[in-house]
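The listed protein sequences correspond, in order, to chains A and B. If you read the first sequence in the numbering used here, its first letter stands for residue 1, the second for the next number, and so on. If you read the second sequence in the numbering used here, its first letter stands for residue 496, the second for the next number, and so on.
Among the hints, a few may not be true.
[What the hints assert, rightly or not] In silico BS3-like pairs for lysine-lysine, Cα to Cα no more than 25 Å straight-line:
| hint | chain 1 | residue 1 | chain 2 | residue 2 |
| --- | --- | --- | --- | --- |
| 1 | B | Lys-615 | A | Lys-380 |
| 2 | B | Lys-615 | A | Lys-338 |
| 3 | B | Lys-615 | A | Lys-224 |
What the hints contain is simulated information worked out from the structure, not anything from laboratory work.
Listed below, chain by chain, are the residues.
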Amino acid sequence: MEALQLAFGMVFDPYNLWVMLGASLFGLFVGAVPGLTATMATALLVPVTFFMAPIPAIAAIVTATAMAIFSGDIPGCLLRMPGTPASAAYTDEAYAMTRKGQAETALGAGLVFSAFGGLFGTAVLILSAPMLADFALHFSSFEYFWLVLLGLSCAIVITSEAPLKGVASLMIGLLVASVGLDNPAGFPRFTFGSTDLLGGIGVIPMMIGMFAVSEILRFVADTKPEALVVENAVGNVFKGMWGLAKKYPLQIFRGNVLGTLVGALPGAGADIAAWMSYAVSKKFSKEPEKFGTGHVEGIVESGSANNSALAGAWIPALVFGIPGDSITAIIIGVLYMKNMAPGPTLFTQNPQNIYAVYLLFIMANILMIPLGFACIKVAKQILRVPRNILMPIILLFCIVGTFAINNTVFDVGIMLIAGVVAYFMEENGFPIAPAILGVVLGEMLEQNFVTSLIKSDGSMLAFFERPVAATLGVLTLAAWFLPPVVRRLRRMAGA
Amino acid sequence: MKLSDAFTGALLAALGIAVLLYSRGFPQIHGQEIGPAVFPSVVAAVMLGCGVILMFNGWKARAERPWYEVPDWMRSRRHTGAFITVIAAAIVYILLGDIVGFFIIGSLTLLVLFLVLGVKPVVAVITAIIATAVIWYAFYKLLRVPLPWGIFTAYAF
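With the rest of the complex left out, here is chain A (with noise of 0.2 Å):
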């Protein structure tokens, strides 16, 4: 209990909350403008918050990605643009209602089934995370080993279509994680002679490339003319809601629980959790020919799975240290500047640290409703906002923000590499999300697979001796080869 009031004294803090206002507005803006993504909108807090106590730092984040996922829904239902990824699946279906003249109930449903998806991920979050800590509490190398493992591998499989370049991309990964002092050996590897490449190579720095600068290229590098904003006038976005919520409440739960898993699973984030609800709902409507027409109803249950899927992310990050999606990746490395080490420990050692997360993620749902609304209101003006004087600002940002986090320009050249990197990646169909994991998880990995190789003298049996590491090595050996016999099976069946 006291550790609850403890909780509570930190998030209302006038300090706090006026770092929750400040990054609300922030987040419903970079999320409103299409190019602007909610992992680019943590990518350039971190920096900033940076110099901030953890839970203000911790309170940035979650407001300001939450919101931004949510507002990333304004440019897809009125210029039929995504303002994140996460939007992209019921972008046209939001566009076609505003066509319809139906802009509020798109918006409204939006801004309604985000708010309430959120909320019912934290719920999840509060009441797993605890559990899965306690269980964890005794988990050795072994277990570690395979949960990274497994972990790196669904990434793999839910979100690339073309697994080969998935694993690619990850052992690339894996590869940049070596380099520097940081292994069980403590042998300078691939440094070659730098100094600076001692300590590794900065996963800040990284993550602002891949996910700020590699977003700047590809604005810079778009031919496609501007898209025009709709000028329709947007009614009140409250209006039917409640008559929504009573029609679809076997969607909206549906959503909110997939979006949540979907977020847990490592690696697959909201924009995976938005697809794949679109499409379950699509599959159990009874109304499937309406999909795709400005039918409200894929709206309601991918709306809330994305926002779901946030604060699901949350839970493996918390409790293994292993990110639920791109967001929860720049997290952990928040978690450890601030001296917030994720892990089961984070629930016995400091309970109002954990607390005060939980109190955030439903302070940010509950604040979305209000803000998401002014947002709405004031959107054209946002999306008139020229985005060729807004990237070189953005790319300004982010030179002074890498070098602000180790005053050194070493790091900005590594955020431009990252950036480049990720570009050219991204265009010839490798995806991103596996290799920040293996950036992520590449020390964690290698600790435990060599503690338990030198444990167990060699014997790769020893992995699968105690009886939950050799559930998820199993489940690991499963993920890596169910896959492809059922596609061979399935193509056997068909021919």
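Based on these hints, arrange chain B on the given structure of chain A.
Here is chain B on its own, set in the frame of chain A:
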């Protein structure tokens, strides 16, 4: 630029081989079989495998997929210019930032990029100066990041 999988595969395979060879030079630890070379070697081997399969796939698909595709932006001089300018601006910042100082390098970076992206010159100059000043104030004064003064070091405040 979109390259055939044969090229990207070859690139990955080459990187894999390079890492495999390079990590053979890592020292062994006495009394232990698992040295610092094990992890990167496993990673490099998998990478080599992926690269070889991608090369094979790319070769098989050579009839349907060209060796390389030049995207639209590379055909447009304006877009290629902008793309190169963004990268060049960051490189120039890295090389010259400390020498000339943040005010000059920051506002010049913005100004050049604004002009390349088609912002009107008057707007570009004013926005470049104001935005640089705001970023400077936020990071130097509020967050106390030691942004370089460069040639103005004598007048630092």
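Is Lys-615(B) within 25 Å of Lys-338(A), Cα to Cα? violated, 43 Å
Distance restraint between Lys-615(B) and Lys-224(A), which requires alpha-carbon spacing of 25 Å or less: holds, 21 Å
Decide if the proposed pair is consistent with the structure: Lys-615(B) and Lys-380(A), CA atoms, cutoff 25 Å inclusive. Since the Cα atoms of Lys-615(B) and Lys-380(A) sit roughly 22 Å apart, the hinted pair holds (cutoff 25 Å).
Hint 2 from the earlier list is the only one contradicted by this structure; the remaining hints agree with it.
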